[in-house]
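Residue numbers (my numbering), protein chains in the order written: chain A, 1 to 518; chain B, 1 to 408.
Hints listed in this document are in silico derivations from the structure and should not be mistaken for laboratory results. Everything numeric in this text was worked out from a predicted model, so none of it was measured. Any given hint could be a false lead.
Restraint-style ranges between C-beta atoms, simulated for each label pair [claimed, not checked]:
hint, chain 1, residue 1, chain 2, residue 2, range
1, B, SER149, A, ASP496, 49 to 55 Å
2, A, LYS308, B, GLU68, 41 to 47 Å
3, B, GLU50, A, GLU467, 45 to 51 Å
4, A, ARG347, B, ILE150, 55 to 61 Å
Cβ coordinates follow ideal geometry from the N, Cα and C atoms, glycine included.
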Amino acid sequence: MKHRMVENAIGRFVPTEINGEKVMPFMGVGNYMPSGRKYNASISSSVSFPSDGNKQVKSLKGALIKAGLSDGMVISTHHHFRDGDLIANLVFDIAHELGVKGLVWFPSASFPCHQHLIKYLEDGTISRIEGSMNGPLGRFCSEGKMNGVAVLRSHGGRYQAIQDGEVNIDIAIIGAACADSFGNANGLRGNSASGLLGFALADSQYADKVIVLTDNMIRFPCIPWQIQGNFVDYTVEIEQIGIPERIVSGTTQITKSPDRLFIAELTAKFCDEVGIITEGFSFQAGAGGTSLAIAEYFAQIMRRKGVKARFARGGSNKYLVQMLEEGIVEYILDGQTFDLEGVRSMRENSNHVWTSPFTSYNYHGKGNFAGMVDVAILGATEVDVDFNANVVTHSDGYLLHGIGGWQNCLFSKTVILPIPLFRNRIPVVRDRVTTLCGPGELIDVIVTERGIAINPLRKDLLEKIKETDLPIKTIDELKEEAEMICGKMDSIQLSDEIVAAIKWVDGTLIDVVRKVKA
Amino acid sequence: MKLVKRLGEAGNSNSKSKGDCHVKIEVKEAEGIDFVLNSKVKVFYASSIEQLCRSVLVFFNIKNALVEINDNGALPYVLAARIEAAVKAIMQTDKDFLLDLIPENNYQSTKRHFRLSRLYLPGNTPYMMLNAGIHQPNAIILDLEDSVSIQKKDEARILVRNALRSQNFYGVERMVRINQGQRGVEDLSYLIPHNVHLILIPKCETVDGVLLVEKEIARLKERHAIVHDIYLMPIIESALGVENAFEIASSSLNIAAMAIGLEDYTADIGVQRSEGAIESLYARMRIVNACNAANIQPIDSVFSDVADMEALALNVKRSKELGFQGMGCIHPRQISVIHENFAPDKKEIEKAKKIILAFDEAERNKIAVVSIGSKMIDPPVVKRQLKILELAIEMKLVPVNWRDCDEA
């Protein structure tokens, strides 16, 4: 299908329509001002619900039929169970069995376990995915095999899209480790404990029909109610909703790679020397091996200097929990829980606070937490000489990673990308990123094993590093060094066909992903 | 050039051989070069890999062959080494396909270079060489001996040679451990013309072992018009070697240091290595003594538990107490622990400063005898304190202009 293409504010050509609906091109950070009123769910009446509060239905199939599952509907699930999720596969097995076609799957993210759904994308049960894709589904999409165009949003962008009415969810299925028959639910207790259910919050608030699915139905009240039963239509108990060892990893570990440790140490040293690690500061680091190492180096510096962090943004994990319990971090504001220690801490410690994409990231709210964080440490697959970054595709164009909260975290006061200068002979610093997910003006520092590049816009940081012995280089110098080692790459040829759209946090279109040539 | 067989192979290609490749070349009677490339980075580098391959084949005058490369992201120098090794498995030739020596590798070392840490890198594992320099050990050792299997010895030489020319080690001293005996002597022609700084001679038992290597180095230096020094470090790994330690240490002016290898030594004397290393105390003390008598650096054995940094730190402290001036390491994480624990402590630094200042003052006043209070200081003591301060300055524990700072 031919699209009318326009150049957006960051120089990328994007279509004016995606899946038959008009889209707004990216206008620059902070330049798009929405108008109108927020979308809301249809009005319900308590008359339609059992007065004893028992909304339990015998089976998921029964609940889906009651919810009116039919062709072309938008079905949402969430990704708290990560690669241990059994729910999305089950939902579409049922849809297939019922002969329903053309569904739009709207997950908060998908994982390799959802490879099972490729057959439903092929037979038309699912027409497209609107959500981040990790692994096999991304590969399927990149090769142009999906009927519709995928739409990728950040966690905050997903909340914004639901709240603004950009995406109308027909049926939301919320898996919870613990729930009551009224629909109150949390992820804190039970075999499928995942910690938070924050990514399902918008779904619960705005979907036409909401089904809570659990393998641990308890008597009312299910406390705390991360999901409130007042938003829920049906509840279902089944034998198993997730595979525990793949939901939370009991073995999240600091990297042992000497090269990654080197980058992590350099990142922490940079933060210390430019004065970020001071009394009352705040930080966000992910759950990857390098990020964990950075958090650990932060802890060492805090102990040495005798300073405390006011809060750390999670992804919580055992290292962050140790810092909370030791008292060098006062609060964990948790967005998702990565290991069982995180779940335990959230259950037991009132300073381990559960947050949601609304509080942390939603761009169409009256502010959010992201901008209050002093330093965010994020990953990237590529960065270009203008500091623009890619987090979803590899340099060969394959869509293999999700956006997560990455775009939202770019609003932190200092954004640092600790990345190797090249991976498997592929330089990470490029003239131009294959897919642009984050504008360079929001990315402050690139830390590689061969030097640190500071965005020229951050004159304050450039001033602060003058007195240090940190290995500072320009981003062009890093690119040249990578090319010197790896050789100059041939540019790749992608097809004109658009297979995925990358939304910015305000709902505008920042870039598209094109079909890879076989 | 003489064809010895039709099929040649070199390199590694499996999930563990990141940054490497496997090359198979089958010589044909006619039909030119057929090229098959399986590579993770094919979309970016297919044409440059093929071009490189064809250049090597033209260089060795191979006109008809089927070439199959399974590549896992190998850098050009690795690809070139593997292709050349596959060619050399097919034919006898004296030719070498040399890539340019990168300007970053054009630096020299000195005999007195500090060698607190030297990182062993298996000579046939390119992935480990890639970032070795960024961890800033005092030296890297490209190993052709124990870490390379007998079947891979020939191809490892070519890879190490290419690494010396093309892999940026970011200024650290560039050492190679050659093989034992005649094979080690043959290794040298792959090393000496390519700006190697120091040759480690393994399992050195007598002076003859050193002289054999030294003679070949001298021949190669002359042939390639090399004028800079190339240093030697014999490794003592047997009871006989220990007994001959001083003779070996003083057998050549090119010897900069001598090391002890405890795995082989303890095997030779028939004991197990223990935590306290009491079984090797005599040998290690003898090495330290021999090295000091010969005015070279005594270097301790590696510590093999890469996960236990506390035990390593303890081991380094003991090593320093015995008089060693460095040790080998087998993992980059060990480098900083070795540096920190070999570093002069505050007390040592203050004592050294005091003695040097007294020496300066004696010189200023043209007094022949250095003394602090009523205590006389001998010239060797002054020399040792100078060495401590040099190391402290090198490790940035003391500013270069410490005299000004102290006086201020």
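Checked hints:
1. B/SER149 - A/ASP496: 49 to 55 Å: Check passed, 51 Å falls within 49 to 55 Å.
2. A/LYS308 - B/GLU68: 41 to 47 Å: Violated, since A/LYS308 and B/GLU68 (Cβ atoms, about 60 Å apart) do not stay within the stated range.
3. B/GLU50 - A/GLU467: 45 to 51 Å: Roughly 49 Å apart at Cβ, these two residues keep to the hinted range, so it holds.
4. A/ARG347 - B/ILE150: 55 to 61 Å: holds, 58 Å
The structure fails hint 2 only (numbered hints given earlier).
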